[in-house]
Amino acid sequence: MIEIRNVSKWFGAFQVLKDCSARVDKGEVVVVCGPSGSGKSTLIKCVNALEPIQEGEITVAGIPVTDPKTDLPKLRAKVGMVFQHFELFPHLSIMQNLTLAQVRVLRRTREEANEKALKLLDRVGLRDQAQKFPGQLSGGQQQRVAIARALAMDPLAMLFDEPTSALDPEMINEVLDVMVELAHEGMTMMCVTHEMGFARKVAHRVVFMDGGEIVEDASKEDFFGKPRSERAQLFLSKILQH
Amino acid sequence: MNFRWEWEVFLRDTGGGESYLDWMISAWGWTLAVSALAWLLALVLGSAVGTLRTVPSAWVARLASAWVELFRNIPLLVQIFLWYHVIPALVPPLKEVPGFALVVFALGLFTSARVAEQVRAGIQSLSRGQQAAGLALGLSLPQAYRFVLLPMALRIVIPPLTSESMNIIKNSSVAFAVSVSELTLFALQAQEETARGIEVYLAVTGLYVASAFTVNRAMTWIEARVRVPGQAAPERR
Ligand SMILES: Nc1ncnc2c1ncn2[C@@H]1O[C@H](COP(=O)(O)OP(=O)(O)O)[C@@H](O)[C@H]1O
Ligand SMILES: [Mg+2]
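Top to bottom, those sequences are chains A and B. Count along the first sequence from 1, then add 120; that gives the number in this note's numbering. Count along the second sequence from 1, then add 615; that gives the number in this note's numbering.
Hints are computed from structural coordinates only; laboratory data are not their basis. It should be emphasised that the depicted structure is a prediction, and the values quoted were computed from it without experimental measurement. Every residue, glycine too, gets a C-beta built ideally from N, C-alpha and C. Be aware that one or more of the hints could be misleading.
Said to hold, decoys possible - Computed footprint of chain A on chain B, listed as stretches where at least three residues anywhere in the stretch have a Cβ under 8 Å from a Cβ of chain A:
1) 736-745
2) 753-762
3) 766-776
4) 840-846
Please build the complete structure, drawing on both the sequences and the hints.
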């Protein structure tokens with residue numbers, strides 16, 4: 121579903137991604153972890169071309185993301201993305217947040233869009249908040265709305281960039297629960313996260329990045345059983361301490 | 616002190632069959648008309664130019680910056696004279712355009728540069744993630760601006776635009792330099808003809824203050840109307 125082949129990227133003279141290759145098959149959940157600044161966010165943003173790359177190739181559902189002829193808005197509409205800081209649109213109600221792109225991009229009618237939105241709000245347990253505005257919800261609620269907003273587009277795959285790291289601890293689980301459910305339903309997911317409990321529960325594979333490189337790409341069992349690289353071992357011991 | 620107020624001066628005939636009061640009211644109307652039309656022009660052009668300053672295309676952004684620098688750095692009075700004397704000499708058809716319209720253009724373009732700066736700052740104050748979130752949903756860049764970035768940015772810039780909208784009323788007084796019959800020109804001429812400068816200037820000052828105050832209230836009302844629920848009220852300066 122998502123194929124990243126030999127991708128390199130520079131910010132000016134600084135190389136953020138060094139010859140990265142990875143893939144996420146249909147229905148697979150891949151967790152990406154690694155120290156802060158290792159290039160995880162950058163990599164995941166390259167998948168839907170929010171960041172351009174200088175070398176390599178990325179395809180999503182067979183569509184070459186890096187081909188200048190690709191209709192990017194159309195492609196992005198098929199790939200859901202959830203951000204660390206939610207990025208709900210503060211001037212729009214929760215309903216409007218969920219229907220804006222359905223109507224403007226997918227050209228659904230208002231009724232169709234509303235119906236879909238309510239169904240998804242139900243699913244993340246926030247139907248009663250439909251008429252509120254993002255600023256009136258807690259962080260955990262906002263992130264669940266953000267997931268529902270992405271799902272409203274019927275995406276082929278979902279990208280998550282540290283969806284729980286801006287949340288207070290007591291709100292992390294309500295978001296992870298939604299993600300676990302999604303994984304069980306067979307959604308294709310690429311998740312940057314340090315929630316190793318989540319990784320153990322639903323990940324098929326774990327990718328470990330450091331210094332712009334993919335240091336390890338292993339099945340969950342291998343990764344947690346016996347990480348092959350010292351860097352991954354060190355990282356794991358650090359984050360599993362707490 | 617043996618000063619005596621003589622407010623009756625406003626009832627005197629100007630010699631043209633109308634009183635000085637009539638003249639002042641019509642001059643006030645010109646001031647408001649120049650200000651309102653120039654403000655409209657400034658808002659439309661300023662929002663467009665300010666938006667263009669933030670787009671990824673380097674040459675579009677540079678063109679928009681050039682606009683801002685051009686209209687912001689030439690003194691307003693000089694710009695009025697350019698529109699009135701120089702440009703019509705170069706483009707003869709413009710000689711037919713009334714002074715009023717030229718003043719609206721000059722003041723509107725001058726203020727558009729200042730509005731553009733505020734709008735640019737407003738857009739840039741939004742988190743970069745907002746644009747990314749819009750694009751990630753499949754919105755095109757123009758759609759992301761229209762539905763995501765501009766609605767928030769324009770709300771943010773209402774307070775600074777309030778002072779710009781009050782400035783434009785004050786700045787409209789330069790129109791007297793090209794003989795538009797607005798308040799300042801009225802004041803200059805009426806005090807000369809009547810020798811009652813104190814009453815004339817006080818009345819004109821009162822009208823300027825009342826206009827600015829009304830505009831201020833209107834902007835505050837708009838600001839409250841469009842406030843986003845759940846967001847803290849912005850600090851007032
Ligand atoms: N827009 C940018 N311009 C320049 N450098 C950037 C930019 N975005 C990220 N970086 C740098 O790239 C590196 C990787 O960043 P990021 O992908 O955000 O890492 P991570 O998500 O793993 O913490 C960091 O050193 C960061 O400072
Ligand atoms: Mg990151």
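Right, here's what the structure says about each hint:
1. Check on the stretch 736-745 of chain B: 3 of its residues sit with their Cβ under 8 Å from a Cβ of chain A, so the three-residue criterion for coverage holds.
2. Given as covered by chain A, the stretch 753-762 of chain B passes the check, having 5 residues with a CB less than 8 Å from a CB of that chain where 3 are the minimum.
3. Chain A is given as covering the stretch 766-776 of chain B, and this holds because 3 residues of the stretch bring a CB closer than 8 Å to a CB of that chain, at least three being needed.
4. Counting residues of the stretch 840-846 of chain B whose CB falls under 8 Å from any CB of chain A gives 4; the rule of at least 3 is met.
Every hint from the earlier list agrees with this structure, and none is contradicted.
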